[in-house]
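Asks: So the protein lines, in turn, are chains A and B. Read in order, the letters of the first sequence correspond to residues 24 to 312 in my numbering. Read in order, the letters of the second sequence correspond to residues 24 to 312 in my numbering.
You may find that some hints are simply not true.
For identical chains, the list gives no copy identity; a pair is met inside one copy or between any two copies.
Claimed, not checked - In the DSS-like style, the derived pairs of lysine-lysine whose C-alpha atoms are separated by at most 25 angstroms in a straight line are:
(1) Lys308 with Lys267
(2) Lys264 with Lys61
(3) Lys312 with Lys26
(4) Lys151 with Lys218
What the hints contain is simulated information worked out from the structure, not anything from laboratory work.
There are 2 protein chains.
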Amino acid sequence: MPKETIGFIGVGVMGGAMAGHLIDSGYSLNVYNRTREKSDGLVERGAVWRDSPGEVAAHSDIVITIVGYPKDVEEVYLGHGGIIERAAKGALLIDMTTSSPALAVRISERARERGAGACDAPVTGGDKGAREATLAILAGGEEVDFKRALPVFQAMGKKITHFGPAGCGQTAKLANQIIIAGTMLGVCEGLAFAKKLGIDPEKLLDCASSGSAGSWSLANYGPRILNGDFAPGFFIKHFVKDMKLARESAEGSGISLEGLRAALAQYEKAAEEGGGENGTQYLYKLYDK
Amino acid sequence: MPKETIGFIGVGVMGGAMAGHLIDSGYSLNVYNRTREKSDGLVERGAVWRDSPGEVAAHSDIVITIVGYPKDVEEVYLGHGGIIERAAKGALLIDMTTSSPALAVRISERARERGAGACDAPVTGGDKGAREATLAILAGGEEVDFKRALPVFQAMGKKITHFGPAGCGQTAKLANQIIIAGTMLGVCEGLAFAKKLGIDPEKLLDCASSGSAGSWSLANYGPRILNGDFAPGFFIKHFVKDMKLARESAEGSGISLEGLRAALAQYEKAAEEGGGENGTQYLYKLYDK
């Protein structure tokens with residue numbers, strides 16, 4: 024059975040690497056990206072450029088999107104001439120952007136009306152995970168759609184979890200981001216406190232990392248913070264988006280998350296002070312003044 | 024050279040285990056505890072009961088304290104007939120309670136006036152670390168005092184760090200607790216969000232633990248939370264004390280820690296709702312209603 028043709032929309036740092044793994048796995052690709060040049064490498068490797076998301080959808084069995092913000096997701100799927108309008112009956116639509124669970128449900132419903140399936144499947148693991156095909160993929164959607172998507176996911180990621188029907192992948196990703204939000208607050212405040220109070224933050228980092236204060240964030244961002252390296256692994260502006268989505272979902276379900284609220288307020292302040300293009304570890308600078 | 028005689032004040036869950044390791048290492052011990060019965064096991068093993076902290080100090084070369092709150096530390100050291108009054112010239116006084124950096128400085132100054140040395144040396148690693156002699160010890164004090172204390176520390180702990188002069192051990196411990204405070208907020212809020220929004224928190228825990236949301240807190244408390252096990256490893260009431268000390272130190276140094284503020288407010292709420300005798304993972308219950 025020949026492999027399904029995949030349309031890939033959004034081939035930036037994340038999507039570009041992920042689409043590359045699909046080519047490596049023998050899939051035929053149609054690609055579209057807002058900035059066309061970013062698709063050049065994929066086109067050289069055999070991917071076919073299409074002039075719009077709708078055009079990608081019209082020529083693909085499976086459509087994958089990984090774009091910036093929920094409004095971009097909404098536009099490429101539900102906009103005039105977009106994916107939903109142009110997708111074939113029997114197509115499978117997979118949004119891998121971190122986006123709104125409610126929007127994932129809407130897209131899924133609209134897809135079903137058109138005889139297509141849909142999954143929401145945001146990822147964690149960053150650019151490194153995308154490059155090395157070690158992403159964690161947090162999926163929502165009907166069982167049948169998840170099963171069809173699985174070999175495609177396996178070409179791009181390692182830990183693949185099906186959390187339930189449409190929207191559940193997004194909800195899981197937001198829960199993950201809520202955990203990170205609190206952790207990053209603690210990491211940045213603890214290191215800044217140490218420095219401000221005059222103890223050696225390197226010693227504190229070493230000591231704290233190996234004990235009950237340890238975390239992935241501390242181990243990965245702690246050394247960068249102390250080296251003054253605030254380059255993005257994960258952009259503050261994207262983290263702020265994720266936390267806003269999490270807040271929106273929490274409020275909609277009547278759960279009040281004070282830690283998330285504090286983290287979002289601090290990250291918004293960091294973004295306002297011009298830090299949005301920095302990595303999430305830049306939060307430290309808010310305290311180190 | 025015969026080993027120095029050690030006085031040990033405060034032989035509860037932590038101190039009792041730590042003092043036991045000193046007996047194992049061949050030290051002679053004088054002990055005092057507010058509740059006398061808790062010293063029975065140590066006395067059976069050869070420790071000598073003394074009727075007050077001052078009496079312990081009068082018969083010991085090195086005095087170790089690990090008591091409840093800074094006010095207890097203040098009383099045993101600076102109170103009438105207390106350690107400072109009764110300690111011999113040349114004694115070494117080591118407070119291992121998590122307490123105030125400013126108080127550690129005061130005790131150190133008063134000790135020096137009496138011709139004694141002092142270290143502050145709070146620990147991390149909990150009852151398990153105390154039992155297994157794998158505690159991390161975060162020390163402050165003069166180099167000469169730290170060096171004298173080192174073999175004693177090595178009998179009780181594993182990772183021993185000298186952070187600087189008097190108070191620096193306490194400051195390092197508080198920085199460590201600030202990191203944990205944010206992390207625990209994230210862990211409890213993320214898991215509660217997942218449950219509230221209808222995804223399987225077990226799946227989320229599994230997925231988040233292995234990625235960038237991972238932490239010691241998530242790995243250790245996550246499973247207990249989902250099993251409804253809120254028994255104390257580390258008591259909420261003690262964590263609240265630590266966070267208040269951290270806030271006090273932060274405010275005194277003009278650094279504003281919004282994450283710490285949020286964590287403290289939430290933990291105080293959990294304590295008010297009767298959770299103070301529970302473990303720190305009980306914070307989850309504040310959200311899971």
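Asks: Looking at the structure, which of the earlier hints fail to hold?
Replies: 3 and 4
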